[in-house]
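As they're listed, the protein sequences go chains E and H.
Heads up: the first sequence runs through residues 83 to 735, numbered per this note's numbering.
Heads up: the second sequence runs through residues 836 to 1025, numbered per this note's numbering.
Simulated from the structure, these hints should not be mistaken for lab results.
Treat each hint with caution, since some may be false.
Lysine-lysine pairs mimicking DSS-like chemistry, simulated, CA-CA at most 27 Å apart [stated by the list, open to error]:
hint: 1; chain 1: E; residue 1: Lys596; chain 2: H; residue 2: Lys885
hint: 2; chain 1: H; residue 1: Lys974; chain 2: E; residue 2: Lys617
hint: 3; chain 1: E; residue 1: Lys156; chain 2: E; residue 2: Lys649
hint: 4; chain 1: E; residue 1: Lys156; chain 2: H; residue 2: Lys985
hint: 5; chain 1: E; residue 1: Lys617; chain 2: H; residue 2: Lys970
hint: 6; chain 1: H; residue 1: Lys948; chain 2: H; residue 2: Lys974
hint: 7; chain 1: H; residue 1: Lys975; chain 2: H; residue 2: Lys948
hint: 8; chain 1: E; residue 1: Lys353; chain 2: E; residue 2: Lys365
hint: 9; chain 1: H; residue 1: Lys985; chain 2: H; residue 2: Lys975
hint: 10; chain 1: E; residue 1: Lys596; chain 2: E; residue 2: Lys156
hint: 11; chain 1: H; residue 1: Lys1019; chain 2: H; residue 2: Lys975
hint: 12; chain 1: H; residue 1: Lys948; chain 2: H; residue 2: Lys970
hint: 13; chain 1: E; residue 1: Lys409; chain 2: E; residue 2: Lys461
hint: 14; chain 1: H; residue 1: Lys1019; chain 2: H; residue 2: Lys901
hint: 15; chain 1: H; residue 1: Lys1019; chain 2: E; residue 2: Lys617
hint: 16; chain 1: E; residue 1: Lys600; chain 2: H; residue 2: Lys970
hint: 17; chain 1: E; residue 1: Lys600; chain 2: E; residue 2: Lys617
hint: 18; chain 1: E; residue 1: Lys649; chain 2: E; residue 2: Lys176
hint: 19; chain 1: H; residue 1: Lys948; chain 2: E; residue 2: Lys600
hint: 20; chain 1: H; residue 1: Lys885; chain 2: E; residue 2: Lys597
hint: 21; chain 1: E; residue 1: Lys121; chain 2: E; residue 2: Lys502
Derived DEER-like restraints, expressed as beta-carbon distance ranges [said to hold, decoys possible]:
hint: 22; chain 1: E; residue 1: Thr225; chain 2: H; residue 2: Asn914; range: 45 to 53 Å
hint: 23; chain 1: H; residue 1: Phe883; chain 2: E; residue 2: Lys352; range: 45 to 53 Å
hint: 24; chain 1: H; residue 1: Lys901; chain 2: E; residue 2: Gly671; range: 22 to 30 Å
hint: 25; chain 1: E; residue 1: Glu693; chain 2: H; residue 2: Asn914; range: 33 to 41 Å
Computed from a predicted structure; not experimentally measured.
For each residue, glycine too, the CB sits at the ideal point set by N, CA and C.
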Amino acid sequence: MKKIFKTVTGFLAIALVFTSCNNGESKSKSALSSNAAEKVYVAPGEHDEFYAFVSGGFSGQLAVYGLPSGRLFKVIPVFSQDPEKAYGYNEETKPMLNTSHGFIPWDDSHHPDISQTAGELDGRWVFINGNNTPRIAKIDLTTFETTEIIEIPNSAGNHSSSFVTENTEYVVAGTRFSVPVPQKDMPIKEYKGNFKGALSFISVDPKDGGMSIKFQLMMPGFNYDLSHPGRGKSHGWFFFTTYNTEEANSLLEVNASQNDKDFIAAINWKKIEEYVNNGGGTKMPTNYAHNVYSDETHTATSTMIKEVLTVNPLDVPGAVYFLPTPKSPHGCDVDPTGEYIVGNGKLSANLTVHSFTKMEEAIKNKKFDGEAYGIPILKFEDVLAGSVVQPGLGPLHTEFDGKGNAYTTFFISSEVVKWKLGTWEVIDRKPTYYSVGHLMIPGGNSRKPFGKYVLAMNKITKDRYLPTGPEVTQSAQLYDITGDKMELLLDFPTIGEPHYAAGCPASLIEGNSKKLYKLEDNKHPYAATSDAATKVTRNGNEVHIQMAMIRSHFTPDNIEGVKVGDKVFFHVTNLEQDYDVPHGIAMLGANTSELLIMPGQTETFVWEPKEVGVWPFYCTDFCSALHQEMQGYVRVSPASSTIPLSWTLGEDF
Amino acid sequence: MKTNFNYLLSVLLVVLFFNCKNNKEQDQVGPTNGTVETATEKKEGQAFIKDDASAPNVLQIAIGSKDHTTLVTAVQAANLENALVNAGPLMVFAPTNDAFAALPAGTVENLLKPESKDALANILLYHVTPGNYSKDFLKKFKKLGQANGKNVNIEVKGDDVFVGGAKIIASVPAGNGIVHVVDKVILPEN
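Could you build the full structure based on these sequences and the hints that come with them?
Rendered as structure tokens:
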């Protein structure tokens, strides 16, 4: 009885809270009384304030979300085939996934970074790295399509990538694994002193974003973990965290944690650029793929490049220094002023912050603490700006709000900690659910962050969502950071592993978003840009069907004269010139995906019919009121058949 | 005993909750209605999306033509703007101003009255086919199924194509179909 009364009293108390209707001014911090829902609610038909480009990790793709709603708009295929969009399945995009190892339809996409002008986001392109088969991709933010992929030679585990300099002069790709350069057959245990760590500086054409490897800096055989550019006063420098300065080749979890301090490598890329422009560096034979997609031919080409320019850091005095940083630092983050370089030491109790001004001073005074493979090591105390003392366990990454605050994730203690630059005091901490990796503030790694939200990306969710068997979703969490204290607003599920993200005000991108491709600009060699241009031709056992599609029919839609053993190319052009009217096409028995063709675009799939019969094809995208009528047949005759090729539309009224 | 308490508690909670909700709803009556009215006046839907990149749709073509001001007025009176910008495909047989003027005196004025909205819509939809065919391709047809649910006959005389007795005098491809300009208003049988 007593227990029952207690329960009732408890319920009544809750009921009172509920029925207070939140009319009065709420001072309580409980979720019930907060207006979190209101802050993330984007009414039907309204637009989000920010784009968030969230990497898919082991999915190999890049997902586009809106913030604050967390609504998913598009998954952009980058390094992995995507049957939904035919990326990597149609003949036009297969070359995008070509590498020196052949066609590789998957990768591990990690760190998106948006292009910048004068240190601020310009919303033109997103770059993202493929870890496993080292590659950097560029996504055009007018079409939201992957338009270029460049392979990185001499690299392995392309992790300290793909971060851009202040004017997108370079996108940088650093190797995680050091490897023999050039690759050769040798005992693994002879790693130490023999392997190299390549840091690649890929120049970006300011007009069209075209990428080419300007030079590779051949560093000692450490692991290069993450990197960020200097900005403002430190523009011209790039900073890379290292671990495994022990150069262990086995059981790294123990053997790479022996040194008290590893390094942040400070690279004066302007100095090296000048050296290279004056003819410095050594050309080395190599082999890597450079794949470019054209919006005019709607086709990608893959070119194998056979040479790369390498630079030995010892040949450019004053270009490379090591900043001692405790213990296996992971994230390497530079504040908006360019003064502070944060080393997030995974195994350190404290966060280490270096000062760019002090670094310059120490370099000027030549105050070195020895060298590693000939590269000067600066004294820890000489470059240290300060430490954030015991802020949490397992620091990984830091971003900035542009108001003098930094936000660091802690994997082991599952939290985001807000602290103040300069005083190094901890201001607030909020739990994440669970085990957060990266975090992202739109523009949080530029001169001008938009410090309204921070997005935490979690590796583990366990009980946070409805379970879906052993594999449960990974997740992002949105916090309001406009106040002194952070406020958790929203959880939302993500594709693959939400490894890292880049955010940008929608206003910088949405106005440039392309609506369609102009038919008159279509330079695809097999385009049929009008019904009159449609035809079917035979060249040996290759049959090329140049087909057009418009609501709600294919031209032609009856084709005869195809034979078993033929290789049939469907080159299909979408004749629509109307926004948001893609068409699809799929053929029964074709060993590939559907095509999804945007207005004005031409795409191709190959079908090798193996059985005689009359086989149907149809439109796969619900295009119009008569979508279900949008279909056709191909007659397949025996290999010995003499039936001529014919193609028609609407012959039998 | 326990059950009774729980029951009582549930009722209490429900009552409290509803009190609160009702108050809120009453508070919101005014502004909510206001919003709805504004939205109607604002004219929402696909017809009112700003889009400079797409080829003009059939409605935009009609609006842009000085020979079709009567048709446009009629489409607006029948509230058919959004239907004409739909993904379609839509083939619109667009009578010219002269074609409307040739109707018996008073016909157009009567059709534009609010009480004639359904009759007007029926006539206008009789000018729309879900499809997209060139004048040449139309020569293959004997009849077309129109958007008001009725069929219309096609006749070919020499190089001319007549739809329900109206001659196609020009054709303009549109983003969501095609506009065939015709010299008569096509009237359904009833």
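Given the hint that lysine 617(E) pairs with lysine 970(H), does the C-alpha gap stay at or below 27 Å? holds (21 Å)
Quick one, are lysine 1019(H) and lysine 901(H) close enough, alpha carbons at most 27 Å? holds (17 Å)
Holds or violated: lysine 156(E) to lysine 985(H), with C-alpha atoms at most 27 Å apart: Outside the cut-off at roughly 41 Å; violated.
Tell me if the straight-line CA distance from lysine 974(H) to lysine 617(E) falls inside 27 Å. At roughly 22 Å apart (the allowed maximum being 27 Å), lysine 617(E) and lysine 974(H) satisfy the hint.
Going straight from one Cα to the other, do lysine 596(E) and lysine 885(H) come out at no more than 27 Å? holds (13 Å)
Do the alpha carbons of lysine 353(E) and lysine 365(E) lie within 27 Å of each other, as the hint requires? Roughly 18 Å separates the two Cα atoms, so the pair holds.
Does lysine 156(E) sit within 27 Å of lysine 596(E), going by the straight-line distance between their CA atoms? At roughly 15 Å apart (the allowed maximum being 27 Å), lysine 156(E) and lysine 596(E) satisfy the hint.
Between glutamate 693(E) and asparagine 914(H), does the C-beta distance stay in 33 to 41 Å? violated (53 Å)
Range first: 45 to 53 Å. Now tell me if the beta carbons of threonine 225(E) and asparagine 914(H) are that far apart. violated (36 Å)
Between lysine 600(E) and lysine 617(E), does the CA-CA distance stay at or below 27 Å? Cα-Cα ~21 Å, so holds.
Taking 27 Å as the top limit, are the C-alpha atoms of lysine 121(E) and lysine 502(E) close enough? Given that 27 Å is the threshold and the Cα spacing comes to 25 Å, the pair holds.
Quick check on a hinted range of 45 to 53 Å for phenylalanine 883(H) and lysine 352(E), using CB atoms only. holds (52 Å)
The structure is inconsistent with the numbered hints 3, 4, 6, 7, 12, 15, 19, 22, 24, 25, although it conforms to all the rest.
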